[in-house]
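Undergrad: In the order they appear, the protein sequences are chains G and F. Just add 1 to wherever you are in the first sequence, counting from 1, and you've got this note's numbering. Just add 9 to wherever you are in the second sequence, counting from 1, and you've got this note's numbering.
Just so you know, the hints here were simulated from the structure itself, not pulled from any lab data. Everything numeric in this text was worked out from a predicted model, so none of it was measured. Note that beta-carbon positions come from the ideal geometry of N, C-alpha and C, so glycine has one too. Just to be clear, a hint being listed does not mean it is correct.
If you anchor each label on the Cβ, the simulated ranges turn out as follows [unchecked claim]:
1) G/Lys-139 <-> F/Val-116: 47 to 57 angstroms
2) F/Ala-35 <-> G/Trp-7: 19 to 29 angstroms
3) F/Ile-115 <-> G/Ala-132: 42 to 52 angstroms
List time: in silico DSS-like cross-link candidates among lysine-lysine, alpha-carbon distance up to 30 angstroms [claimed, not checked]:
4) G/Lys-5 <-> F/Lys-149
5) G/Lys-112 <-> G/Lys-37
6) F/Lys-235 <-> F/Lys-42
7) F/Lys-235 <-> G/Lys-10
8) G/Lys-112 <-> F/Lys-149
9) F/Lys-235 <-> F/Lys-282
10) G/Lys-112 <-> G/Lys-80
11) G/Lys-112 <-> F/Lys-282
12) G/Lys-80 <-> G/Lys-11
13) G/Lys-109 <-> G/Lys-5
14) F/Lys-282 <-> G/Lys-139
15) G/Lys-11 <-> G/Lys-139
16) G/Lys-80 <-> F/Lys-42
17) G/Lys-37 <-> F/Lys-282
18) F/Lys-149 <-> G/Lys-11
19) G/Lys-46 <-> G/Lys-5
20) G/Lys-129 <-> G/Lys-37
21) G/Lys-11 <-> F/Lys-295
22) G/Lys-10 <-> F/Lys-149
23) F/Lys-282 <-> G/Lys-46
24) G/Lys-46 <-> G/Lys-10
25) G/Lys-112 <-> F/Lys-42
26) G/Lys-37 <-> F/Lys-149
27) G/Lys-139 <-> F/Lys-235
28) F/Lys-235 <-> G/Lys-37
29) G/Lys-37 <-> G/Lys-109
30) G/Lys-129 <-> F/Lys-42
31) G/Lys-46 <-> F/Lys-42
From chain G, some residues computed to sit far from chain F (all C-beta separations above 12 angstroms) [said to hold, decoys possible]:
32) Pro-51
33) Val-103
34) Pro-124
Residues per chain, in single letters:
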Amino acid sequence: MSWKIWSLKKSPWVFHVNVGACNNCDIEIVNCLTPKFDVERFGIKLVGSPRHADALLVTGVGTRQAAVRLREVYRQTAKPCVVFLIGACPCGTGIFHTGYHVEGPVDKILKDEDPNAIIAYVPGCPPKPEAIISGVVKALSVL
Amino acid sequence: MSEPLQNVFWLLLFPGFVFTLIIGLAASWIVRKVSALVQWRVGPPLYQPLVDIIKLTGKEILIPIQAQQTIFIMAPIVGLSSMILLSTLLWRIIIAPSEIFIGDVIVAIYLMIMPSLALILGSSASASPHAAIGAGREMKLVMGYELPMVLAFIVVIIKTGGQLGLASIAGYTPVFSISGFLAFLVSLLAIQAKLGFVPFDIAEAETELGSGVLMEYSGALLALWKIMQAMMLVAFPLFLVIMFLGGFGTTGAQLWAGIGKFVIVLVLVILIKNTNPRVRIDQAMKFFWVYCGLISAIAVALAIIGSLYGISWL
Numbered sequence: 002m003s004w005k006i007w008s009l010k011k012s013p014w015v016f017h018v019n020v021g022a023c024n025n026c027d028i029e030i031v032n033c034l035t036p037k038f039d040v041e042r043f044g045i046k047l048v049g050s051p052r053h054a055d056a057l058l059v060t061g062v063g064t065r066q067a068a069v070r071l072r073e074v075y076r077q078t079a080k081p082c083v084v085f086l087i088g089a090c091p092c093g094t095g096i097f098h099t100g101y102h103v104e105g106p107v108d109k110i111l112k113d114e115d116p117n118a119i120i121a122y123v124p125g126c127p128p129k130p131e132a133i134i135s136g137v138v139k140a141l142s143v144l
Numbered sequence: 010m011s012e013p014l015q016n017v018f019w020l021l022l023f024p025g026f027v028f029t030l031i032i033g034l035a036a037s038w039i040v041r042k043v044s045a046l047v048q049w050r051v052g053p054p055l056y057q058p059l060v061d062i063i064k065l066t067g068k069e070i071l072i073p074i075q076a077q078q079t080i081f082i083m084a085p086i087v088g089l090s091s092m093i094l095l096s097t098l099l100w101r102i103i104i105a106p107s108e109i110f111i112g113d114v115i116v117a118i119y120l121m122i123m124p125s126l127a128l129i130l131g132s133s134a135s136a137s138p139h140a141a142i143g144a145g146r147e148m149k150l151v152m153g154y155e156l157p158m159v160l161a162f163i164v165v166i167i168k169t170g171g172q173l174g175l176a177s178i179a180g181y182t183p184v185f186s187i188s189g190f191l192a193f194l195v196s197l198l199a200i201q202a203k204l205g206f207v208p209f210d211i212a213e214a215e216t217e218l219g220s221g222v223l224m225e226y227s228g229a230l231l232a233l234w235k236i237m238q239a240m241m242l243v244a245f246p247l248f249l250v251i252m253f254l255g256g257f258g259t260t261g262a263q264l265w266a267g268i269g270k271f272v273i274v275l276v277l278v279i280l281i282k283n284t285n286p287r288v289r290i291d292q293a294m295k296f297f298w299v300y301c302g303l304i305s306a307i308a309v310a311l312a313i314i315g316s317l318y319g320i321s322w323l
């Protein structure tokens, strides 16, 4: 395991991208930072700019308007980076499957942009903070 | 060892870069850990700041197409090298007080502005609207705190009888007088703004500007900024210890007392950081110019009266 990957696992800074979520998953993500779950124990920090980020937390179904921005944000992120799809919507468009405003599953949008994108899925509507932490830990341990 | 080699050793290894960086990383861990404890959390492990920097050096460096590339790359290097100079200067004064030059207070004050100027330069060169707002705020903040801070340092110079060498100033403790205490309070707040901590993190406002001045930096260049900020966390409290609290010894009880003073200043900074909300830029300007400026002016007047009539507690 190279030192780059090792240090990435020890301090993943996350950037939160909402591509058309109902705000439920976003609240659960913010929940992870509260004193009860305190993900700063693992070096996880919420940053304000995709340039600083090592992981993108994507919530939402991937609407046509937001898909353009998602591609832009992914291009702006410094590689190597990991993308986490949080919730049922980004994992498989959920109940909005046939919606007129849906561009497609978020993983498809990202694979169009970069075929080698590293994508991890945390399903649930919304996933509990425990589930998000467990998903992040599992994804980072196979990296 | 020949003299140039000796100077390089001082700058890069012992009192300069590596030594200060290690203490600075420990200090930034203390900042994060104490903040976590204040918020009833567990907080990051001891090696966290080091891992952050190792990770950032391994990441891709992205430079915006519209950015002014040379300045964008040079700005963190300028800021970091001025911090290396400042920390070497301060530690050398502690280690070898006899080998000083007159007027190093003024040099130190100049070097303390350099990180802010480098931040303004780098963020203006990065062609990002968020960074431009951040640069404007940082500029106003610098104009706000410089005047009261320099006035506060003038108080120290008056109290010590016109000394301009840091080593001779370190022999006095101006904080045990009314004017010295007021000046210490003002310069503590100015240091808070220089470090970019809450309530004066207006330029880097995470929630409204993304990361403001550092918005477009990534990878190793961001790591340089983080290293610079870690070294600022050592150099600025150390400067206050030398100016106000009677300096830092190198042997036995003196050394422990010095470490104690340094930790006291650091913890005061952290507590101000954790118990205050962020102020707006106009509030910060008003705070520094009206209130801190007034307090500094009163302190200067008291110090002059005290030195004229020989009243040491004034």
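Undergrad: With reference to the structure, classify each hint as holding or not holding.
TA: Checked hints:
no.: 1; hint: G/Lys-139 <-> F/Val-116: 47 to 57 angstroms; in the structure: holds (54 angstroms)
no.: 2; hint: F/Ala-35 <-> G/Trp-7: 19 to 29 angstroms; in the structure: holds (21 angstroms)
no.: 3; hint: F/Ile-115 <-> G/Ala-132: 42 to 52 angstroms; in the structure: violated (58 angstroms)
no.: 4; hint: G/Lys-5 <-> F/Lys-149; in the structure: violated (38 angstroms)
no.: 5; hint: G/Lys-112 <-> G/Lys-37; in the structure: violated (35 angstroms)
no.: 6; hint: F/Lys-235 <-> F/Lys-42; in the structure: holds (17 angstroms)
no.: 7; hint: F/Lys-235 <-> G/Lys-10; in the structure: holds (19 angstroms)
no.: 8; hint: G/Lys-112 <-> F/Lys-149; in the structure: violated (44 angstroms)
no.: 9; hint: F/Lys-235 <-> F/Lys-282; in the structure: holds (18 angstroms)
no.: 10; hint: G/Lys-112 <-> G/Lys-80; in the structure: holds (15 angstroms)
no.: 11; hint: G/Lys-112 <-> F/Lys-282; in the structure: violated (42 angstroms)
no.: 12; hint: G/Lys-80 <-> G/Lys-11; in the structure: holds (16 angstroms)
no.: 13; hint: G/Lys-109 <-> G/Lys-5; in the structure: holds (27 angstroms)
no.: 14; hint: F/Lys-282 <-> G/Lys-139; in the structure: violated (35 angstroms)
no.: 15; hint: G/Lys-11 <-> G/Lys-139; in the structure: holds (13 angstroms)
no.: 16; hint: G/Lys-80 <-> F/Lys-42; in the structure: holds (29 angstroms)
no.: 17; hint: G/Lys-37 <-> F/Lys-282; in the structure: holds (22 angstroms)
no.: 18; hint: F/Lys-149 <-> G/Lys-11; in the structure: violated (37 angstroms)
no.: 19; hint: G/Lys-46 <-> G/Lys-5; in the structure: holds (18 angstroms)
no.: 20; hint: G/Lys-129 <-> G/Lys-37; in the structure: holds (13 angstroms)
no.: 21; hint: G/Lys-11 <-> F/Lys-295; in the structure: violated (42 angstroms)
no.: 22; hint: G/Lys-10 <-> F/Lys-149; in the structure: violated (38 angstroms)
no.: 23; hint: F/Lys-282 <-> G/Lys-46; in the structure: holds (18 angstroms)
no.: 24; hint: G/Lys-46 <-> G/Lys-10; in the structure: holds (12 angstroms)
no.: 25; hint: G/Lys-112 <-> F/Lys-42; in the structure: violated (39 angstroms)
no.: 26; hint: G/Lys-37 <-> F/Lys-149; in the structure: violated (38 angstroms)
no.: 27; hint: G/Lys-139 <-> F/Lys-235; in the structure: holds (29 angstroms)
no.: 28; hint: F/Lys-235 <-> G/Lys-37; in the structure: holds (28 angstroms)
no.: 29; hint: G/Lys-37 <-> G/Lys-109; in the structure: violated (34 angstroms)
no.: 30; hint: G/Lys-129 <-> F/Lys-42; in the structure: holds (26 angstroms)
no.: 31; hint: G/Lys-46 <-> F/Lys-42; in the structure: holds (14 angstroms)
no.: 32; hint: Pro-51; in the structure: violated (9 angstroms)
no.: 33; hint: Val-103; in the structure: holds (28 angstroms)
no.: 34; hint: Pro-124; in the structure: holds (28 angstroms)
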